[in-house]
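Construct the entire structure; sequences and hints are all you get.
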Amino acid sequence: MIHSLFLINNTGDIFLEKHWKSVIGRSVCDYFFEAKDKAGDPENVPPVLQTPHHYLISIYRGKLFLLSVIQSEVSPLFVIEFLHRVADTIQDYFGECSENVIKENLVIVYELLEEMLDNGFPLATESNVLKEMIRPPNILRSVVNTLTDTLPTGQLSNVPWRRAGVKYTNNEAYFDVIEEIDAIIDKSGTTVFAEIQGAIEACVRLTGIPDLTLSFMNPRLLDDVSFHPCVRFKRWEAERVLSFIPPDGNFTLMTYHISSQNLVAIPVYVKQNISFFDTASCGRLDITIGPKQTMGKMVEGLSVTIPMPKSVHSANLTATQGSYTFDLATKVLVWDIGKLNPQKLPNLKGSLSIQSGVPKPEENPSLSIGLKVQQLAISGIKVNRLDMYGEKYKPFKGVKYVTKAGKFQVRT
Amino acid sequence: MTDSKYFTTTKKGEIFELKAELNSDKKEKKKEAVKKVIASMTVGKDVSALFPDVVNCMQTDNLELKKLVYLYLMNYAKSQPDMAIMAVNTFVKDCEDPNPLIRALAVRTMGCIRVDKITEYLCEPLRKCLKDEDPYVRKTAAVCVAKLHDINAQLVEDQGFLDTLKDLISDSNPMVVANAVAALSEIAESHPNSNLLDLNPQTINKLLTALNECTEWGQIFILDCLANYTPRDDRESQSICERVTPRLSHANSAVVLSAVKVLMKFMEMLPKDLDYYGTLLKKLAPPLVTLLSAEPELQYVALRNINLIVQRRPEILKHEMKVFFVKYNDPIYVKLEKLDIMIRLASQANIAQVLAELKEYATEVDVDFVRKAVRAIGRCAIKVEQSAERCVSTLLDLIQTKVNYVVQEAIVVIKDIFRKYPNKYESVIATLCENLDSLDEPEARAAMIWIVGEYAERIDNADELLESFLEGFHDESTQVQLQLLTGIVKLFLKKPTETQELVQQVLSLATQDSDNPDLRDRGYIYWRLLSTDPVAAKEVVLAEKPLISEETDLIEPTLLEELICHIGTLASVYHKPPSAFVEGSRGVQHKRLPGSAGSGESVESPEPASAAVPEASPSIIPSQGDLLGDLLNLDLTPPTSTAAPPPTSGLQMGAMDLLGGGLDSLLGGDLGGNPMGAGFGAPASAMPPSFSAPASGGLDDLFDLGGGVGMPTGAYTPPKTMWLPAMKGKGLEISGTFARRSGVIQMEMTLTNKAMSVMTDFAIQFNRNSFGLAPAGPLQVLTPLSPNQSIEVSLPLNTLGPIMKMDPLNNLQVAVKNNIDVFYFSCQYPMSVLFSEDGKMESKVFLVTWKDIPNDNETQCQIKDCHLNSDAASNKLQGSNVFTIAKRTVEGQDMLYQSLKLTNGIWVLAELKVQTGSPVFTVSLKCRAPEVSQAVFQSYEAILRN
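Sequence lines, in order, name chains A and B.
For what it's worth, our numbering labels the leading residue of the first sequence as 1, then goes sequentially.
For what it's worth, our numbering labels the leading residue of the second sequence as 1, then goes sequentially.
Hints were generated in silico from the structure; no laboratory data involved.
One or more hints might be untrue.
Quick list of in silico lysine-lysine cross-link-like pairs, PhoX-like style, CA-CA up to 20 Å [what the hints assert, rightly or not]: (1) Lys322/B / Lys187/A; (2) Lys327/B / Lys404/A; (3) Lys327/B / Lys407/A; (4) Lys282/B / Lys234/A; (5) Lys187/A / Lys359/B; (6) Lys21/A / Lys117/B; (7) Lys407/A / Lys322/B; (8) Lys45/B / Lys103/A; (9) Lys591/B / Lys576/B; (10) Lys78/B / Lys45/B; (11) Lys93/B / Lys117/B; (12) Lys327/B / Lys331/A; (13) Lys187/A / Lys327/B; (14) Lys360/A / Lys402/B; (15) Lys913/B / Lys851/B; (16) Lys382/A / Lys297/A; (17) Lys545/B / Lys420/B; (18) Lys292/A / Lys372/A; (19) Lys372/B / Lys38/A; (20) Lys420/B / Lys383/B; (21) Lys45/B / Lys21/A; (22) Lys21/A / Lys78/B; (23) Lys272/B / Lys283/B; (24) Lys283/B / Lys234/A.
Computed spacing ranges between beta-carbons, pair by pair [claimed, not checked]: (25) Asn423/B / Thr190/A: 36 to 46 Å; (26) Glu239/A / Asn212/B: 15 to 25 Å; (27) His191/B / Glu34/A: 30 to 40 Å; (28) Met895/B / Glu34/A: 56 to 66 Å; (29) Asn218/A / Ala356/B: 27 to 37 Å; (30) Gly390/A / His191/B: 43 to 53 Å; (31) Ser579/B / Gly338/A: 56 to 66 Å; (32) Gln91/A / Asn329/B: 20 to 30 Å; (33) Tyr276/B / Glu96/A: 42 to 52 Å; (34) Lys38/A / Gly777/B: 45 to 55 Å; (35) Ser353/A / Tyr405/B: 18 to 28 Å; (36) Leu274/B / Glu239/A: 25 to 35 Å; (37) Ser353/A / Ser579/B: 54 to 64 Å.
Residues from chain A that keep clear of chain B, each with C-beta distances beyond 12 Å, as calculated [what the hints assert, rightly or not]: (38) Lys131; (39) Ala164; (40) Ile209.
Every residue, glycine too, gets a C-beta built ideally from N, C-alpha and C.
This is the structure in C-alpha cells:
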C-alpha cells in the first residue's frame, strides 16, 4: 500500500514528506527528478516510475507534484485516485491546493494526512468525516478546539458520506447539470470526434436524513454513468431513477458520458486560416467564429487559445470584438471574445512575425475554444422532478443547466 | 491564523527555546510548542533531541495534544527506542478507555511505532481490540495486525492473530470485513503459499455482501481479493459477475478497473452462446471509455490496461476507435499509448479514419510522437491489406514534406511494406531515391540500401547509388555496412557485367579492412559462395524471402493471460508478470485464467481443445530480432523449409572447400565446426585457449573414449533445471540437464509447448564456449509439438566446437529456434560431464606431476554434510570418472589421491581428506590450469552429496 508521500514544487523542492510505515529517505525522489528533467514539461512526467526498490506514482496538480512511494504490487489507479483525493481535500479545506497554502497550514495538512491513511490503507477520505475531526481554519477553529472529541460517526454508519445531526433553518437542494463538449474539428470544419462529459453537481443543505429521488424526462440518453456512492444502483437499473440520501453540502451526484456514436451538437463554427510564408519571415492569421447549433441560446465566455510555434516572436492583430494577448515566454495567443453576437461575427486578423533566420514552422497550431451556454444541456437531458421523503419540511429546490466547451479543439 | 508563525526563530536557537516551552506549565503554551515541533518535523528538520520533552506531554486529557504527541512519537520512536518504552503505559491505558475513538487511536498509533520492545506490549491490547464491541476499533485493529506483521511476522503467527483476522471476514460490519481483507492480502503477499485467504463459496458470499456497503477503498480491496477466486462452475461465475457489474458505475476509477478485472477473468468460464455473455461484453465498453475522460494520470493507467483488454477481447471496444483520437494537449505519455491502441483497433471498417488521424499526427510538434505516428501508418499497411495502397500514398505525401525525421521514418516503414507485399509498390522507389542524401540515421540508410539492393534490376543507376554509400564505408554503422555488403552482392548477382569492380571493392573492404567479425564473416561467406558456385550463390542470396508477419508486437498468449489476471496492478502498467519485477523473491504465484466451462468450442481458452488452430503459417517469421535471419540478411528461408535449398550444408561445403586455401587461419574453427556460429553475434576476437594442454588433445580423447571403458552406471547427473521459462520463450519452455553416458556427453532436455499454436522446425546452436561443446547432430524433434505437449530430447554433444573462455567457465549459451522465433538462454553444465574415461594416471606419474605443479596452483575447499566413508566416496567418484590412485590413512584420517582428465586433455590431481566420523571432507586440487579448479570442485561437491 502507500508507503510515503512527498510534496514537491515546480522547481523540484520537497517541502513536505509523510511516511505511513518506515521512513524512506528523500534520495528516492532523485529518480523522479531525473524523469522530470527528461520530460521537460511538468505535464509530461510519466505518472508511474520504477526504481530499483520502489515504485513512484505521482500526479501533477496546481503546479505541485504529489509523489507517493510504493513498495508492493498495488493498484496504481487506487494510488492516483487517492492522491487526487488528497489534493481535493486540501483544496476543500484551504480554498486552493498550492505550495503557499500548504506551507501556511502545515500542521493541519499533516494531521489530515495522518487521518486519511493508516498503514497505507485509506482511513477517512470523506470531507464531512474529516471536518468532524479536524476543523478547517476559519474563525471557528480559533475559538473551538481544532480537534473534536466526538467519534466520527460517519465512518461507521451505513451512510458514511453524511454527518449526523444536520440542521438548517433554510432547507434547500440545488442541482446543476453541467455538460462539457469534447470535440476535435478538422481544418475543413468537419467534426472528427465529439462527445459530452456531463455531471450533476449538487448543493444540498437539508435538515435530518432526507431521502431524495430525482427523475429525468429522457433517461434513455444516459447509458454510461458513474454515481456517487450514495446513489442506489438497483433503483437506477430497474426504474432509471436516482434515489439517494445525499451528503451534506456540495458533491457530485453523478457523471455521465454521451459517446461519440451519438450525434453531438456543436454550438459554434470556426473559420480560420493561419499560414506562414516561405520567403518572408512572417505569417498571417485570420479567425472568425459564428453560431452553429445554439438551440436559440446566447453563447458567452467565448475565447480562443492558440499555442503558437516556438519561432513566432510577435503578433500584430486586430480584433473586431474582445481583446487578445500573446505571451512571449510561452508563445500562447489568447483571444477573449465574450458574448457571441450572431449579427456581427467576431474576427481576429493580422500578421505574425517569425524570428529571422529560422525556417518556417512545420507544425500547424491547434485552436482551443472556450465557451459557455447558460440554460442549456446540449445533450437534451432534462430533469423531470425531485421528491423528498423521510422529512416533513418543504425544501427549496432548483435545477440549472449549463453547457461548456471541454477539450474543444480545432485543427488548422 | 496560519501555521507559518511556527517557523519564526530567535537567535538563541530553536531547540533550546522549544524545550523551555514544552516544559511550560501552561497547557496552551505546551500545545503551541508541540505544534511548532511537528511543523519542523514535517519539513524534514531534525527535532529528535526533544523526544523526552515531547513524550512528557503525552499524559493529558486533551485529545488534540495527545494526537500531536502521537504524531511525533510515530516519527521518532525508531531512533529513540529506549525513550519510546516510556510511552507504553499510556498506550495500554488508552486501549481500555471508554471512548472508542481513544481506544482506536491508541491501537493505531502503537502499531506505527516500529520498535521491537514495544510490539511485545502491544499483543494483549491488540487482542482485546480485535474483539472490541465497537466496529470502529475492530477495523482499526485489523489494520494493526498487518502493521505488526511487517515488524515481526513470527510474533503475529505465534499469537494467533492471523486466525482472528480470518474470523473478521465474517464480521457484521462491512468496513471491518474490507479492512480484514486488505490486511490479509498484504500479509499474504509475503507468504505466497500460506493460503491465508482461503476463499470458498461462503466467504465469497460474505465478501459480495460487504462489497455493496463498504467504502470505495474497501470495494477495491474486496474486488482484488475476489479476482483470486476460481468459481466452481459457470453458474457461480455468472452470479458473481452479476453482483459485481454495478461497480462499473462507480465514480472511483480504481473500483471500476478492479471490477473489470474480476469480470474479464470470470467471463472466461461463461459459455459464449449464453445471452449473459453478450450482455456482459456490452456492459464493459462504456466504463472503459469513461476512464479516458479522467485526469491524465488515470488515463495513462487505463490505457495501459485497455491495451491488454483489446488484445484479449478486441470485440469490446471495436466501435470505440474515436475516443482514442489524440488531443494536441494530451501529455506525451497519453498520446503514445492512444496511438498504440488505435493500431490494435484498426480494421478495414475504420482504416480511413485512422489514416486521416495518423497523417494529422505526423505534422505535430513532438518528434517522438511524430515518429511513432509514421511507424503506425506502416503497421496499418501491414495489418490491413486493403489499406496498404492508401498507406503508401500517405507515406509518400509525408515524404514530400521533406521534414527530415519524417522522411527517414517513412523510408524505414516502406521497407517493411515491401517485405509484406513484394513486387507491388515498386513504383515509389524513384521518389525514395530522391531523398537519399537527406538520410543521416543508420536505420533509414540501411532500409534505403536494402530497397536499392532488393530492386536493383529496376533501378537504372543502382550501382551509382550504392557506390555513393561505399565512399564512407568505414564511417558507417555496422547495420549500414552489413546492409551495403549484401545489397552490392545482390546487385552483382542481378547485373554481373557492370558491377564486378564494385563487388570486389566491397568484399575487400569488408574482409580486409574491417575489425568487425560479423562483417568479415559475412564478407567471406559471400566471397566463397561467389567464387565456388555462383548459381548456388544466386539461389541463396536471392532466395524468396519469408513474408513478415503483421502482429509482431502482440503480447505472448500465456503472458497475456497472466496479465489479464493482474488488470489494474503495476504488472498491467509494465506489461510484465509481477514475478519479473516485484522486489525480492517474495514468490509471486503465477495466475492463470480459468478454463471455459463450455464445450471444446472455445478457441481462445488455453485448454488443449484449441490445439487444432495454429496461429500463423510456418513460413512466416517475425520481422524483428531474428539473429539467424540477420546473419544472412533474411535472404534465406529457415533451413527446415522445403522451398529453399538447404543453406546450411551449402555453406558448409563452400567453406570446407576453401579451408585449404590459406584462409583457415583467419576463420579459425568458426565455419568448420559450427557453420552458423557467427550468428550469435558473440565477440569473435580470437581467444587463445588459456589451458596449458595442447588443443588437439580433445580430439584424441574423444576417439579414445569411443571404444573405451564405459562406466555406464553411477555417473552423476544433476536434476533438470528450468533453462527457458515459457514467458521468455513465447510459450516454449525448456528444462534440462547434462549427463555423460558411455563416454558421450548428452544434453537432455524437456521441451514443453505452453503456447496455443503448434511448434515445429526446432534447431539448436551453441555459442563458443570454454570446452568447445557443440551438438554432434541436429536436434531430433521430428513431430510437431502441439500445445501443452512435452517431449524429451537427448542431444549428443562433442567437444569439437569453437573455443572461447566463458565466465563462469562452465557457462554455455544456447540458441533454440522454432517456427516462432529464436530464443537465447544460458545454462551451466556440470564439469563432471567432461571427465573422460581415461583419467586414471599412473601412480608414479601422479607423484611427479603433483610435485611438478607449483603450490600456487593448489586450491583447497571443504565439503560439508557429506556422510560417506572414504570407500563409498571413492566409488561414487569413480562412477563419474574420478579415479582413486592411492589411499593412505594417517591418524584416523583417510587421504585419497585421485586424478581426472578433462576432455581437452587437462589433468586435475586431487587429494581428498576424510576424517572418520566427521561429515566434512577437504579437497585439495592441483592443476596446471587452475582456472578449472573451482568448477571441478563444484562437481566434487555435487557428486559426493548425491
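Hints and how they fare:
1. Lys322/B / Lys187/A: Roughly 17 Å between the alpha carbons, so the hint for Lys322/B and Lys187/A holds.
2. Lys327/B / Lys404/A: Holds, at about 18 Å.
3. Lys327/B / Lys407/A: The hint holds at about 8 Å.
4. Lys282/B / Lys234/A: It holds: about 19 Å lies between the C-alpha atoms, which stays within 20 Å.
5. Lys187/A / Lys359/B: Distance of about 13 Å is within 20 Å: holds.
6. Lys21/A / Lys117/B: holds (17 Å)
7. Lys407/A / Lys322/B: holds (14 Å)
8. Lys45/B / Lys103/A: holds (14 Å)
9. Lys591/B / Lys576/B: This hinted pair holds, its Cα atoms lying about 13 Å apart.
10. Lys78/B / Lys45/B: holds (16 Å)
11. Lys93/B / Lys117/B: Since the Cα atoms of Lys93/B and Lys117/B sit roughly 17 Å apart, the hinted pair holds (cutoff 20 Å).
12. Lys327/B / Lys331/A: holds (19 Å)
13. Lys187/A / Lys327/B: Answer holds: Lys187/A to Lys327/B is near 14 Å, not above 20 Å.
14. Lys360/A / Lys402/B: holds (13 Å)
15. Lys913/B / Lys851/B: Given that 20 Å is the threshold and the Cα spacing comes to 18 Å, the pair holds.
16. Lys382/A / Lys297/A: holds (16 Å)
17. Lys545/B / Lys420/B: holds (10 Å)
18. Lys292/A / Lys372/A: Roughly 14 Å between the alpha carbons, so the hint for Lys292/A and Lys372/A holds.
19. Lys372/B / Lys38/A: holds (18 Å)
20. Lys420/B / Lys383/B: This hinted pair holds, its Cα atoms lying about 10 Å apart.
21. Lys45/B / Lys21/A: holds (19 Å)
22. Lys21/A / Lys78/B: Given that 20 Å is the threshold and the Cα spacing comes to 11 Å, the pair holds.
23. Lys272/B / Lys283/B: holds (15 Å)
24. Lys283/B / Lys234/A: holds (15 Å)
25. Asn423/B / Thr190/A: 36 to 46 Å: Once the Cβ atoms are compared, 37 Å apart, the range 36 to 46 Å for Thr190/A and Asn423/B holds.
26. Glu239/A / Asn212/B: 15 to 25 Å: Check passed, 18 Å falls within 15 to 25 Å.
27. His191/B / Glu34/A: 30 to 40 Å: holds (35 Å)
28. Met895/B / Glu34/A: 56 to 66 Å: Holds, since Met895/B and Glu34/A (Cβ atoms, about 60 Å apart) stay within the stated range.
29. Asn218/A / Ala356/B: 27 to 37 Å: Taking Cβ atoms as reference, Asn218/A and Ala356/B lie about 33 Å apart, which means the hint holds.
30. Gly390/A / His191/B: 43 to 53 Å: Holds - the Cβ-Cβ distance for Gly390/A and His191/B, about 48 Å, lies within 43 to 53 Å.
31. Ser579/B / Gly338/A: 56 to 66 Å: Cβ of Ser579/B to Cβ of Gly338/A: about 59 Å, so the range 56 to 66 Å holds.
32. Gln91/A / Asn329/B: 20 to 30 Å: About 22 Å separates the Cβ atoms of Gln91/A and Asn329/B, which means 20 to 30 Å holds.
33. Tyr276/B / Glu96/A: 42 to 52 Å: With a Cβ separation near 48 Å, Tyr276/B and Glu96/A satisfy 42 to 52 Å, so the hint holds.
34. Lys38/A / Gly777/B: 45 to 55 Å: holds (51 Å)
35. Ser353/A / Tyr405/B: 18 to 28 Å: holds (27 Å)
36. Leu274/B / Glu239/A: 25 to 35 Å: About 26 Å separates the Cβ atoms of Leu274/B and Glu239/A, which means 25 to 35 Å holds.
37. Ser353/A / Ser579/B: 54 to 64 Å: holds (59 Å)
38. Lys131: The claim stands: Lys131/A keeps its Cβ more than 12 Å from every Cβ of chain B (closest is about 15 Å).
39. Ala164: holds (14 Å)
40. Ile209: Check passes; 17 Å lies beyond 12 Å.
When the structure is compared with the earlier hints, no violation turns up for any of them.
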